[in-house]
Every structure is written in C-alpha cells, then in structure tokens.
Amino acid sequence: MSDSVADNPATRPFAVRLTGVTKTFGGVTALSDVSLDVRVGEIHALLGENGAGKSTILKILNGVHAPTAGRIEVYGEPLDVHTPEAAKRAGIGMIFQEMSLVPTLSAAQNIFLNNEAKDGLGLIDDKAAARRARELFETLGVEIDPKALVGDLSAGQRQLTEIVKAISRNVRVLILDEPTTALSGGEVEKLFAFLRRLKSEGVAIIYVSHRMDEITRIADRATILRDGRHVVTAPMSELTLDRIIEYIVGRRSRGFSDVERRDASRGAPLLEVRSLSGPRKPVSVDLTLYAGEVVGVAGLLGSGRSALARVLFGIDRKRAGEILIRGAPVEIASPRDAIAKGMALVPEDRLRQGLILEHSVESNTSLSILDRLASWLFVSSAKASEAADRQIDGLRIKTASRDAAVRTLSGGNQQKVVIGKWLNAEPDIFVLDEPTGGVDIGSKAEIIALVRDLAARGKAVLVISSELSELLTASDRIVVMSDGRIVSEAARDAFDDPNPNNDVGEQLQFAERKLSQIIQKAHAHV
Amino acid sequence: MSDTTARPSFVAPLVANWRQYIPYLGFVLIFAFFSATLFNQGFLEPTNQLNILRQTAMISIMSVGMTYVLSAGEIDLSIGMVAGLISCVVAVAMDHFGVVAGVAAGLAAGGVVGLVNGLLTTRIGIPSFLTTLAMMGIARGTAMWMTQTKSIPILDDGYNWLFGGGNLGPIPVLVIWTAVVAVVGHVVLRRTTFGRRVLATGGSETAARYSGIDTKGIKMRVLVISSLGAALAGMLYAGRLHSGRFQLGEGDELSVIAAAVLGGTSLFGGSGTVVGSIVGSLMIGVINNGLLLMGLEYSQQLIARGIIIIIAVAISQSRK
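Residue numbers (my numbering), protein chains in the order written: chain A, 1 to 526; chain B, 527 to 846.
Just so you know, these hints were derived from the structure itself, not from any lab. Virtual Cβ for every residue (Gly too), placed ideally from N, Cα, C. Any given hint might turn out to be false.
What the hints assert, rightly or not - Negatives, chain A to chain B, calculated, CB over 10 Å:
(1) D37
(2) I95
(3) N115
(4) F192
(5) R197
(6) V231
(7) S237
(8) V283
(9) R319
(10) R336
(11) P347
(12) S381
(13) S410
(14) G505
Unchecked claim - If the Cβ cut is set under 7 Å, some of the chain A residues that face chain B in the computed set are:
(15) I124
(16) D125
(17) V330
(18) I332
(19) P335
(20) I339
(21) S375
(22) G438
Claimed, not checked - Using 27 Å as the maximum straight-line C-alpha spacing, the simulated BS3-like pairs for lysine-lysine come out as follows:
(23) B/K676 x A/K341
(24) A/K318 x B/K742
(25) A/K147 x A/K127
(26) A/K398 x A/K383
(27) A/K318 x A/K341
(28) A/K59 x A/K318
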C-alpha cells in the first residue's frame with residue numbers, strides 16, 4: 001500500500017491494549033482473560049458470534065462497563081476510571097448503528113453540536129462552524145456540503161458525518177459496530193476509502209461486522225473471540241474465510257462449505273411472474289419459481305430486489321404484469337392474500353417488519369396462524385404453545401422460554417423466530433429477503449441449510465442476499481437485478497471453478513468473484 | 527424457619543413479575559390509607575362502597591374501550607364529549623319516539639362517531655389523536671345545538687331503572703353493566719384472535735401487516751368499540767340523572783386514559799389489560815371519594831387527585 005506511513009506496521013506503538021480482561025455479570029462470565037491490542041494506524045477486526053463477548057469488550061472500551069479484572073491502556077496511559085466520560089477523554093469514540101445525528105440540523109451544526117463555535121457576543125457562529133466543517137471534510141476527503149441538512153443526506157453520508165463528528169472531538173480510537181448495514185455498495189466503497197485515509201492519519205480503528213467479505217477487504221488484523229475467550233489474533237493475510245469461520249464457531253457448527261447440497265429435483269412451476277412492475281421498482285420482471293428449487297436474487301442495494309419481494313407479497317401495489325400460482329392467475333392486494341395463496345415473506349428488516357419485539361416468542365410464532373389456532377373465535381393457548389415449541393425445537397431457537405420477549409434473543413435466534421412464524425403457516429412459496437442479515441456465522445450456516453432443506457421438501461424458495469457466498473451456497477439458479485430489472489440469469493453450475501484441484505473454499509471464492517463481476521458490470525451499464 | 531428452602535419456588539415467579547402487580551398494590555395501598563384515615567367518616571360503609579362503584583361505572587366502562595384503542599397503538603380523546611352527546615341523543619329520541627328508539631338511536635349515533643373516527647384515521651391517515659380531538663368539539667357542539675344547551679328530561683321509569691338507579695337485589699345495575707363489559711372485554715382481548723390482532727397491531731403495525739393482519743381494519747374496529755363504550759356510558763349518565771345534558775362526561779377522557787395507564791396499559795401500544803384498567807378506574811373512584819369524605823374543597827380535590835395520579839403513573843411506568 002502506498003500509504004504515507006511507510007514504517008513497519010508491526011512495530012508501531014499500541015493505541016489500545018487490553019491485557020487479561022475478565023468481566024463477570026453476577027455469576028456469568030462474559031469475558032475471560034481476553035487480550036486485545038490495536039496499533040496506531042491499524043484497522044483491527046473484532047470477530048465472533050453474537051454472545052462471544054464483542055459487545056462486552058466494546059462496552060468496556062466505551063466506559064459503560066468496568067472490567068472485573070485486567071488492564072486497559074490507551075496510548076500507553078492506563079485507563080483506570082471506567083465511565084463514558086473517561087473513555088471520551090482518553091480519545092475513544094464509538095459510532096453507533098443507530099446514529100446520533102439530529103436530522104433537522106445541518107451537517108456542520110451536527111458536527112459541532114454541544115461544542116459550538118461562538119462569536120464575540122457569545123452567540124453561535126454558524127458560518128465559522130460551516131467553515132471548520134468544510135476544512136475537516138476536505139482534509140478527510142469527504143464530499144458533503146456542510147450546510148446540507150442531515151435529514152437530506154444519504155445513509156452513507158450520515159455515517160461519514162458521524163465519524164467526522166467523532167474525529168473533530170479528537171478521537172484517536174474509533175470503534176465501528178456494523179457500520180455498513182444501512183449502506184449501498186457505492187457508499188461502502190466511500191466509507192472504506194475514508195477509513196483508509198483515517199488509518200493513514202494514525203487513527204486506530206476497531207471494526208465489528210458479520211460481513212466477512214468486508215472484513216477480508218478492510219481489516220489489517222483480526223481478533224476472534226468465542227464464548228468470551230480470546231481464540232486468535234492474526235494478520236488478515238494469514239486467515240482464509242473458512243479458517244475464520246472455523247475459529248468463530250469452533251468445531252461444533254458448520255461453515256458454508258459443508259452445507260449439504262442434496263440435489264432437489266425440480267418440479268412443476270409454483271410461482272410465475274410475467275412483466276411484473278411495482279410503483280417504481282421492479283420494472284417488467286419475468287421469473288418462474290419451480291417446486292424444489294432455490295433461486296437467488298443478487299444485486300446492489302436499491303436494485304429493486306426487496307421491492308420485488310414486497311410486490312409479490314402484496315405490500316407494494318402492483319402496477320402492471322401478472323402473477324400466477326400453480327398456473328392460475330392470482331390477484332395479491334395484501335399480505336393476507338399472499339398468505340392465503342401459500343406464500344411467506346421473511347422481510348429484510350426483522351426488527352421492524354418481522355417481529356413484535358416486546359411480545360413473546362409464542363405470540364410471534366402464532367401470528368401467522370391465528371385462525372388455525374382458534375376454535376370459533378377463541379385462540380387455544382395449548383395449540384399456540386405447541387406451535388411455538390415445534391419451532392423452538394425444530395430450529396433450535398435459544399430462548400429462556402416460549403414466553404420470553406423476542407427482544408431478549410440474539411439476532412440469529414430472532415431471525416429463527418421470524419422463519420418459525422412462517423414455517424408454522426406451511427406455505428409452498430418462500431421469499432427470504434436478507435435472511436442472514438446481522439446474524440452470526442453459525443446461525444447463518446443453519447439458516448442456509450434450512451433453505452436447502454425447504455427445497456428438498458418440494459417448496460419453491462426465492463432468496464435475496466447481498467452476501468455472495470451465501471447466495472452461491474443456497475441457490476440452484478441465480479438472477480441478477482439492476483435498476484429494477486432482471487439483467488442476467490444463470491444456473492449455479494455456471495459459476496463453478498474449472499480447476500477441480502481447488503479446495504471448497506477456493507472454489508467458493510472463484511464463484512464469488514465471477515458473480516461479483518456480473519453484478520458490477522450490470523450496475524455499470526445502467 | 528424450616529420452610530425457607532421451599533419458599534423461593536413459590537415466591538420466585540411473584541418476585542420476578544412483581545412489577546405487573548404494581549397497579550393492584552397501589553390500589554390496595556390507597557384503599558388501606560383511606561380505610562384507616564376515614565374510618566369514622568364511613569368510608570368502609572357498604573353504602574359508600576356501592577356509591578364508589580356506581581360513580582365509577584362510566585369511567586370503568588369507557589376504560590375498557592380505551593384499553594383496546596391504546597393496545598392497538600391509537601388514542602381516543604372524544605369519549606367524554608361523545609358520552610355527553612349520546613345522553614342528549616337518547617333523551618331527545620326517547621321524547622319523540624319512545625324508549626326502544628332512544629336506546630337504538632344512542633347506540634347508532636355512537637357507532638357512527640366511531641366509524642367516522644376510524645375512517646378518518648385509517649383511510650385518510652389523520653392520526654387518531656387529531657381525529658378524535660376534532661371529534662371532541664364536533665360532539666360537544668352537536669349536543670349543545672340539538673338541546674339548545676338545555677337539559678332534556680327522561681321520564682321513563684323503566685329506562686331510568688335499567689340504565690341508572692336500579693338495583694338487582696343489593697347490587698346496583700350500574701355495577702352489573704360494568705361487570706358484564708369488563709368480563710367480555712377481558713375475554714375478547716386475552717382469548718380471541720381479534721384480541722391478539724389488536725395487541726399485534728399496537729406492538730408493531732408493520733410487523734403485524736407483514737404477518738397478514740388487516741391493521742387498518744383492526745384500528746377501525748377499536749375506535750368503533752371505544753365510541754360504543756362511550757355511548758353506553760352516556761346512556762348510563764342519562765339514566766342516572768334522568769336527563770340528557772351536554773355537560774355529562776366532560777373531562778372523562780383524561781380520567782379514562784389515566785385509569786388505563788394506571789392499570790398497566792401502554793400508551794404506546796402492544797400491551798394492555800382490561801382488568802388493570804378496571805382497577806385503575808376504581809383507584810380513581812376511591813381517590814375521588816376519599817378526598818370528598820376528607821372534607822377537601824373541590825379545588826383542593828383537583829390538586830390532590832392530580833398529584834396522586836402522577837405519583838401512581840410514575841410508579842407504574844418505572845417498570846420500563
């Protein structure tokens with residue numbers, strides 16, 4: 001890399017150093033003797049399943065929790081006081097997924113919020129703030145108008161503004177937790193370019209994400225945690241995707257490469273879509289889903305994949321075109337119609353669209369089948385419990401009980417509750433939109449295995465995903481969408497590696513590269 | 527004690543869920559306080575206790591409807607004024623066409639108000655806060671207009687017995703009305719598909735819609751239920767006072783919302799309990815009665831009641 005820091009990265013001083021950190025809550029050990037060191041000018045990935053201890057480390061660094069034992073040093077200074085204020089003074093800044101910006105204020109006003117430039121009379125000097133924000137944006141290579149309202153900025157621009165706000169407050173250790181969930185492909189590129197710039201300025205970055213493809217591209221080193229313990233710290237160059245997964249899940253669970261691909265025999269067409277158009281997207285989509293088949297939908301954010309799912313499920317209004325189920329034309333004006341026709345949608349935003357967080361697992365898993373659980377008008381609680389237990393057992397949902405609020409479950413288990421809700425309805429056609437988003441790697445593999453299993457049982461499955469490895473593992477056929485249209489379609493075989501000597505991981509990487517090229521090319525042509 | 531080891535198994539679930547018993551605990555505390563301090567003023571006399579029940583019947587009945595509205599994530603501010611309007615509608619219709627027509631007109635008018643609230647909220651998308659705020663004025667204005675702001679007497683003894691001062695044995699009919707509405711309301715919310723759908727809609731409208739629930743239809747229905755509850759309350763006011771008056775029910779919406787929240791129903795939707803709302807209503811009734819017996823002036827009663835309600839709601843909200 002032609003960065004301005006030309007010294008040997010391995011000898012740079014430590015920005016953050018945790019030694020032997022242990023944290024217990026009551027009798028439960030969340031972290032046990034964990035060490036983490038992040039050097040100046042380094043992007044350090046922190047990896048692990050949900051519950052492995054990542055959030056606990058972040059909260060300790062952030063001053064929310066005090067460690068039970070162990071030492072923390074920031075730029076060589078011991079950090080002994082554990083409060084958010086002390087962490088801030090030490091130069092640690094965390095960027096939250098839910099961003100802390102005020103949409104009705106400008107970018108500049110947000111950056112200097114509660115830290116405003118004052119003029120001679122002690123009044124707020126917005127011009128000076130805008131000037132200083134512009135300087136910051138220019139030094140950091142960010143193209144945002146400081147006077148633009150944050151509400152008018154894209155998700156990516158808001159993210160960058162948030163980071164600039166932290167940097168303006170002398171943050172020397174930047175913590176990013178799943179920073180790309182709301183970003184489009186292009187915005188992710190901009191974020192990465194920006195992070196590399198910060199790195200060259202000597203900022204230490206701790207990067208937490210479930211997206212392996214991003215980690216392998218942006219991180220210099222990674223520390224992997226499992227069950228509250230340190231597993232390994234290594235340069236990314238020494239880690240392959242399969243080895244990372246192995247470190248993360250241990251031996252007890254499966255990675256993508258051993259998801260069983262029982263070849264389901266393709267049956268009759270279950271869902272046919274002819275020149276289907278939605279309010280804006282999709283545009284004139286033709287697609288046929290066969291029984292026993294998984295079709296993957298690839299494409300960048302905003303390519304119309306989720307819009308297609310919403311029109312199919314009757315959430316967005318159909319503008320033109322025809323939907324046929326088992327050969328018969330159907331009108332789907334609401335999710336109720338779609339469900340009655342044997343369709344299910346696992347939506348992209350599980351927290352908002354998929355679950356009622358404050359309600360119990362049982363109440364969520366019975367939502368799709370209330371009528372079936374009722375005799376006359378009365379819901380049978382015995383049947384509802386049975387339906388919940390069936391999914392808790394079948395999908396191995398980890399929950400205190402079927403009466404626990406879904407909010408208390410981990411991301412992966414929450415997603416299994418959404419899936420369980422639809423399995424209860426016994427549909428024939430599944431549409432899964434980002435089924436593994438924000439889900440830990442172990443659950444990811446389980447969910448993909450489940451998708452294969454559904455196909456083997458004669459269901460038709462449409463999987464929308466931004467994770468190519470997952471799409472390639474799950475699908476029999478892959479279509480690529482761009483700007484609302486299907487621009488390319490190919491059987492899974494078309495991505496096979498011609499070199500039979502490569503191992504499973506290398507073959508998957510080959511297929512990913514090939515699919516990624518198609519997606520990028522499709523995007524470039526728009 | 528030898529049974530200390532056995533105790534946790536019995537106490538643990540109660541302790542774990544202690545917060546959901548706060549409304550009941552609060553009721554018991556307030557009741558005990560007045561029982562002790564007002565013992566000599568006859569607070570515990572059966573006649574006084576029945577009086578409390580009679581006086582809170584309308585609030586209790588409306589709080590059942592409010593529990594549905596709040597559980598579905600909406601609010602209905604129009605109920606107090608609607609109760610007043612319906613008392614006038616019943617009195618006027620009865621004057622011209624007889625008792626049966628009066629009752630039918632009252633229920634129909636309540637249903638129409640609910641439908642209008644529901645249609646404006648679900649079809650046009652005006653928040654129910656604003657729809658029902660506007661409906662407050664419309665209901666009040668209509669009631670004043672149709673009665674020329676006069677009180678309309680109701681002379682039918684049968685009506686006044688059934689909807690007002692009657693007793694079945696020792697039990698006032700108002701208490702029976704309350705009990706019937708409470709039991710039906712509780713069972714429907716807890717045990718029917720409709721009740722589950724109401725709670726799901728309030729818990730997350732989007733997730734409910736994505737699960738195939740007709741959330742607009744649900745919202746429409748809860749607003750109609752609330753208006754029908756207000757209509758029944760209006761008819762009971764009319765029967766109790768032998769007249770229809772536009773002032774009846776004035777300010778009840780606030781007592782009713784306070785009762786529901788005191789009882790543990792969330793203002794933000796997704797969780798509600800009819801039993802809690804009834805307990806909340808009784809709490810307000812007991813407070814009103816106790817303060818009156820204490821000999822406070824009306825102005826002092828208002829202040830004391832406000833402070834007690836704030837404290838009680840603050841405690842019941844601390845569970846969040």
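Tested hints:
no.: 1; hint: D37; verdict: holds (40 Å)
no.: 2; hint: I95; verdict: holds (26 Å)
no.: 3; hint: N115; verdict: holds (31 Å)
no.: 4; hint: F192; verdict: holds (32 Å)
no.: 5; hint: R197; verdict: holds (38 Å)
no.: 6; hint: V231; verdict: holds (35 Å)
no.: 7; hint: S237; verdict: holds (43 Å)
no.: 8; hint: V283; verdict: holds (23 Å)
no.: 9; hint: R319; verdict: holds (20 Å)
no.: 10; hint: R336; verdict: violated (4 Å)
no.: 11; hint: P347; verdict: violated (5 Å)
no.: 12; hint: S381; verdict: violated (8 Å)
no.: 13; hint: S410; verdict: holds (18 Å)
no.: 14; hint: G505; verdict: holds (36 Å)
no.: 15; hint: I124; verdict: violated (34 Å)
no.: 16; hint: D125; verdict: violated (38 Å)
no.: 17; hint: V330; verdict: violated (15 Å)
no.: 18; hint: I332; verdict: violated (11 Å)
no.: 19; hint: P335; verdict: holds (5 Å)
no.: 20; hint: I339; verdict: holds (4 Å)
no.: 21; hint: S375; verdict: violated (10 Å)
no.: 22; hint: G438; verdict: violated (16 Å)
no.: 23; hint: B/K676 x A/K341; verdict: violated (58 Å)
no.: 24; hint: A/K318 x B/K742; verdict: holds (20 Å)
no.: 25; hint: A/K147 x A/K127; verdict: holds (9 Å)
no.: 26; hint: A/K398 x A/K383; verdict: holds (21 Å)
no.: 27; hint: A/K318 x A/K341; verdict: holds (16 Å)
no.: 28; hint: A/K59 x A/K318; verdict: violated (46 Å)
Going through the hint list in order, the structure does not satisfy hints 10, 11, 12, 15, 16, 17, 18, 21, 22, 23, 28.
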